[in-house]
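> The lines below spell out each chain.
Number of protein chains: 2
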Amino acid sequence: MEKRIVIIGGVAAGPKSACRVKRLLPGAEVTIIDQDNLISYGGCGIPYYVSGDVSDEKELRNTSFHMTRDESFFLKAKGVTARTRTRALAIDRKNKTVEVEDLNSGKKELIPYDNLILTTGAQPNILPIPGADLDGVFTISDMHKAIAIKERIARGEVGKAVVIGGGAIGIEMAEAFTDLWGIETSILEFMPQLLPRLVDWDFARMLETHLTESKVNVYTNEGATAIEGEEGKVKRVVTANRTLEADIVVMAVGVRARSELAKAAGLAVSAMGNIMVNERLQTSDPAIYAAGDCIEVKNMLTGKGGIAPMGSLANREGRIVADNIAGIPSIYKGWIGSFIMKAFERCIAATGLSLDAARAEGFDAAQATTAQSDRAHFFPTQAVIPLRLVFDKKSRRILGAQGFGPMSDAVLSRIDAAAAMISSGATIDDVSQLEMAYAPPFATALDALNATANVADNLAAGRLRYIEIKDFLNWMDDFTANPNWVALDIRHPNEAKIFVEKYGADKWLSVPYVEIRERHQELPKDKTMLVICDAGTRSSEIQIFLDHVGLTDNLVLGGGFNVIRRMGLTWWPS
Amino acid sequence: MEKRIVIIGGVAAGPKSACRVKRLLPGAEVTIIDQDNLISYGGCGIPYYVSGDVSDEKELRNTSFHMTRDESFFLKAKGVTARTRTRALAIDRKNKTVEVEDLNSGKKELIPYDNLILTTGAQPNILPIPGADLDGVFTISDMHKAIAIKERIARGEVGKAVVIGGGAIGIEMAEAFTDLWGIETSILEFMPQLLPRLVDWDFARMLETHLTESKVNVYTNEGATAIEGEEGKVKRVVTANRTLEADIVVMAVGVRARSELAKAAGLAVSAMGNIMVNERLQTSDPAIYAAGDCIEVKNMLTGKGGIAPMGSLANREGRIVADNIAGIPSIYKGWIGSFIMKAFERCIAATGLSLDAARAEGFDAAQATTAQSDRAHFFPTQAVIPLRLVFDKKSRRILGAQGFGPMSDAVLSRIDAAAAMISSGATIDDVSQLEMAYAPPFATALDALNATANVADNLAAGRLRYIEIKDFLNWMDDFTANPNWVALDIRHPNEAKIFVEKYGADKWLSVPYVEIRERHQELPKDKTMLVICDAGTRSSEIQIFLDHVGLTDNLVLGGGFNVIRRMGLTWWPS
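Protein sequences appear in the order of chains B and U. So in the working numbering the end of the first sequence lands on 688, straight run, no missing numbers. So in the working numbering the end of the second sequence lands on 688, straight run, no missing numbers.
No wet-lab data here; the hints were simulated from the structure. Please read all numbers here as calculations on a predicted model, not as lab measurements. It is possible that some hints are incorrect.
[As the list claims (entries may be wrong)] Only pairs whose alpha carbons sit at most 20 Å apart, straight line, appear in this in silico EDC-like list of lysine to aspartate or glutamate:
#1 U/K347 x U/E213
#2 U/K259 x U/D170
#3 U/K611 x U/E636
#4 U/K641 x U/E475
#5 U/K190 x B/E632
#6 U/K190 x B/E629
#7 U/K190 x B/D620
#8 B/K412 x U/E213
#9 U/K412 x B/E632
#10 B/K117 x U/D661
#11 B/K347 x B/D247
#12 B/K329 x B/E342
#13 U/K447 x B/E359
#14 B/K190 x U/D661
#15 B/K412 x U/D661
#16 U/K264 x U/D293
#17 B/K190 x U/E632
#18 U/K117 x U/D249
#19 U/K274 x U/E213
#20 U/K222 x U/E327
#21 U/K507 x U/E459
#22 U/K447 x B/D544
#23 U/K584 x U/D661
#24 B/K190 x U/D249
#25 U/K412 x B/E636
#26 B/K190 x U/E636
#27 U/K616 x U/E632
#28 B/K447 x U/E374
#29 B/K447 x U/D184
#30 U/K190 x B/E359
#31 B/K210 x B/E374
#32 U/K117 x B/D661
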């Protein structure tokens, strides 16, 4: 008899493994079970459906060749039986059956399996605050929620929105509300920065500044303490600092694995509720596999487990499960955390560990930051892309990369190249020499990523000394914190002028880059000079020269004005 | 005494190593010698200067902070002496001096060195044909040539242009002539395809089709046999097949290393005239280093040496030379051949070896080709990007990648990621699992590069059988070549219709993808079926199903219509 494969969960990993199993074992009897009537949709596309970029929800369920992935499609095109509106109630591992209930008829039955695949996904967290159950409070958990949100907006019922949670989904939803619909939107983030853990605070700050420019109100360090309504309908969100009116509230505060079935069946589940799997994505029962948002997967950099709820990983994992079931040994090595998002006219992306995350994980880590052009500086469409590499000081291994730039694929290409390097265990030197494709419309001769690795090389070897951006900004807020510090602005005097005027020539020295070699004797010997330019490159060079002439008490601001200008600082002269 | 470093050649590798030496050894006395008066320019930007995208030649010599890299800049900003209009006549290795001549005064002198760096670059080949020396025949060798070309155009003297050589520079120049200036331009390429050796013929063909659409005349398999003029001025280019009128001719037929000085000094030089260096980029004289277009460097994939005249590599090499001179051991591992170019509204890129090159090098290589979306297919700006991975069948190692797509960074990001994987020795499986950053505006959940690796996996494992595109096209040109072949077009019948009408229902079977499982008994058992769809994905799936039901005589057209449509085929029904 041919193998019977039963899959519980029909969004991403489930359909992927179903179709791959069927391609490897064309005779297999493959059944997908899902309690929803809509399956196999691009959940990551929900914000673009809400915004109107995607006009019809069906587009999120369509193939690239314009067929809708419904029950009929799976049967006819894939030879896979999709049983929608069918809830899995229990797994009987001994008899290898799944008990299911038809949600239309209420009928229950047992479905036998040779292999079972759990792709039960994750469910959104709901904050335990008053009013979380009011009408108009949504999580982004499935297509029905997306459709309901868009209908409300289309009916003109939404003038103001509050998004609770400053992660990727929250920010994408805020853009969807604001950009096309003109809804007055606020984001509340409990942590001190947007995209906590994903990027360092200064990259998050560049994003925050752009969101503010784009008319989204962002409140960090500020959680929702209550949601208030009238007649059961949401009206306001209350924080420690303010009350925000809201016709709609989106709660995007993370997800947790759906593992109740697995747990009830006695499968190994972590303390956090994640389904435990081995490298072949087999659960503690060898006949049962699991993939997608519900499983605990190893981070390749830290070696630690956790959920990694990404549609991209779900697809990779689904394929690996299918291979193993079909007898093709296939190993999942783990994830590194590659991530990208659009925010209005900007893009932010990262891979691997942020500096904060790397240090929290016990690495003796440092960072190199540049702010160079994405393409030849003489090419008309060039733009500055701040980039950061995080590295282990001793082993020189690259641990992470972050980028911020215009809404193009320029940041994507550097982050994907960095992801490839990181997953192969690359060092600073490998990235420094990485032979990226070059022509003036696409890159600089020494690509921005190579240049960032070169800065990392100089830092790791002690040939370059940074001042942390945070320390620089703190000093700008209050000079008395470090009375001995002065800024040495080596840009053109016209650029430095407003700073000299505002802060005084004793605190803000202006000596242009090309004059330092002639004029270094004017520089103070008893001060700590903070050398600043636009991108950090010239400053690094000047540091070496100053050291050479004995003015060794100096530090460089990595990324320079190109970075801090994007952070929207209050001390900036207007 | 501080080290004296003398550098011969001031375009790319030379200035790079000069500045880096000075940063590592701030006390060193660093001198660049160049016979030209213009140095340190972005030679790769010349086509964009000629086109007008870059308005002033100075922009190619400017830093990102808008200073011109002239003698004064090098001295004041970098502490480097640049002696322009100064020709190096001979190297005295025993006494460690370079004899130079001041081209303005005619004065000769000896410059002593502790380390000498040869960055003498490459010179363009000139075809040994009559008329190559006529006025109006140019090579793209330096800024003066670029300025002269642009002046002629600006004076309205150029109505027709012929570019001899269909490599990257030739094509970029053809675009520069055509796009802004409206010059009627023809490209002559002696080899059967554009970009010979860089990409496979079918990718070159997609480019050629777009050039033709963009009003550039492309003649492959056709070399110039003579250039004719009147009163010393170019008028025509003659080939075996035609005579092309020309007010200007650009000869872009490759370069060769400038190594006369090195050779005369008794340094090891290859039979091709390339300066031989070790991994530290030291010549056969340990006190003399060399970098850039003039050196023989090892291809990491083939292990073979040759020149690799790329501005991107020159910069990497210049840094390595400086490090070694300053006592920082630094190794150049070799190059892989990453490349990208803009051609009007398209972009073509590659890294590593093409299929043809890999086979010529003795690899038992195969290729996987896809034509998927660069971003989520529901995202409004999505476009198809044909991608190819070349791999070694046995070791499954990735040997190369090629991409063609719209003028964005979408192809760049896949090629750079592939370059990172290739340089780390990655296998098909590594690329399959590579965790690229995903969000719908930037990629698909399983990125096009991952998907291409998955196809390679299926091919390498024998789960997928291709028909070579060339064989398919030959058959389309002449059915009698393989009378037993039929096309099985599994796209929507509306799409297949014109082909069925033109070629007949016996040669062009139309059975849509979703109906194959029901209707497979209608299919012929005694024919070889060539399964075709838009991207190749559905065809692969159908192949497995056909095999399963015993119809094993079938082959899949990788990349499908999305690839061959871009090739501008004569048999295409209109």
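> Among all the numbered hints in the text so far, which are the ones the structure does not match?
1, 4, 7, 8, 9, 12, 13, 15, 18, 19, 20, 21, 23, 24, 25, 27, 28, 29, 30
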